[in-house]
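Student: Take a look at the letters that make up each chain.
There are 2 protein chains.
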Amino acid sequence: MGNEQLEELRKQLDEVNDQLFELITKRAELAQEVGRVKAAQGLNRFDPVRERKMLDALAAKNEGPFETSTIQHIFKEIFKASLELQEDDHSKAMLV
Amino acid sequence: MGNEQLEELRKQLDEVNDQLFELITKRAELAQEVGRVKAAQGLNRFDPVRERKMLDALAAKNEGPFETSTIQHIFKEIFKASLELQEDDHSKAMLV
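Sequence order for the protein chains is A and B. Residues 1 to 96 in the numbering used here are what the first sequence spells out, letter by letter. Residues 1 to 96 in the numbering used here are what the second sequence spells out, letter by letter.
It should be emphasised that the hints constitute simulated quantities derived from the structure, not laboratory data. Warning: the hint list may mix true and false statements.
The list makes no distinction among identical chains, and a pair is therefore deemed to hold if it is satisfied within one copy or across any two copies.
[What the hints assert, rightly or not] The list that follows gives simulated cross-link-like pairs (lysine-lysine, DSS-like), each with its CA atoms no further than 25 Å apart: (1) K38 <-> K11; (2) K80 <-> K11; (3) K61 <-> K38; (4) K11 <-> K53; (5) K53 <-> K92; (6) K26 <-> K11.
Keep in mind it's a predicted model, so treat the numbers as computed, not measured.
Okay, chain A solo, but in the shape it has when bound (with noise of 0.2 Å):
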């Protein structure tokens, strides 16, 4: 009994997990879109005041259980991957 309890929480971490993918790749592709706009119009890819306020915005809407700054650091990593790959399309439109 405590197994099937296990097995069906871990269908739902699946699930959750696959959602999460299916986010953080759509995430990933509008970043995309905006370093090209960022680009066309000679703007820094690297916002910090920007990356500031979405920080802000998680802190407010967090009731745990996961602490602020876990949220944050989270959301620091995606962040990070996302200029990174907005850097990778720049080096390869230099190439070009």
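With chain A held as given, fit chain B onto it using these hints.
Tutor: This is chain B only, laid out in the frame that chain A set:
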């Protein structure tokens, strides 16, 4: 016109951030539940085989734009935070 495009993309990014936040929070709650069921059964909270399976499933799905190593890195951070949450619950339970 470029600025409108940027604003629209940022609005979409904010929506994706909100959805990611909701899912990460849902995942944290599920992980806590798993921790409780495992504790009741005397099972070890850290299960490297299960974690490897989840990472492999993500690798199988990924077609970019993020590198598979990037996706796995982000998920490893989420797994680590979930495990820490389960350990906090366990420590609290031991104090009762």
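Student: Hints first: check each against the structure and report whether it holds.
Tutor: Comparing the hints with the structure gives:
no., hint, result
1, K38 <-> K11, "between (41 Å within a copy, 15 Å between copies)"
2, K80 <-> K11, "between (30 Å within a copy, 19 Å between copies)"
3, K61 <-> K38, "neither (29 Å within a copy, 30 Å between copies)"
4, K11 <-> K53, "between (34 Å within a copy, 13 Å between copies)"
5, K53 <-> K92, "neither (30 Å within a copy, 34 Å between copies)"
6, K26 <-> K11, "both (23 Å within a copy, 13 Å between copies)"
Of the numbered hints listed earlier, those contradicted by the structure are 3 and 5.
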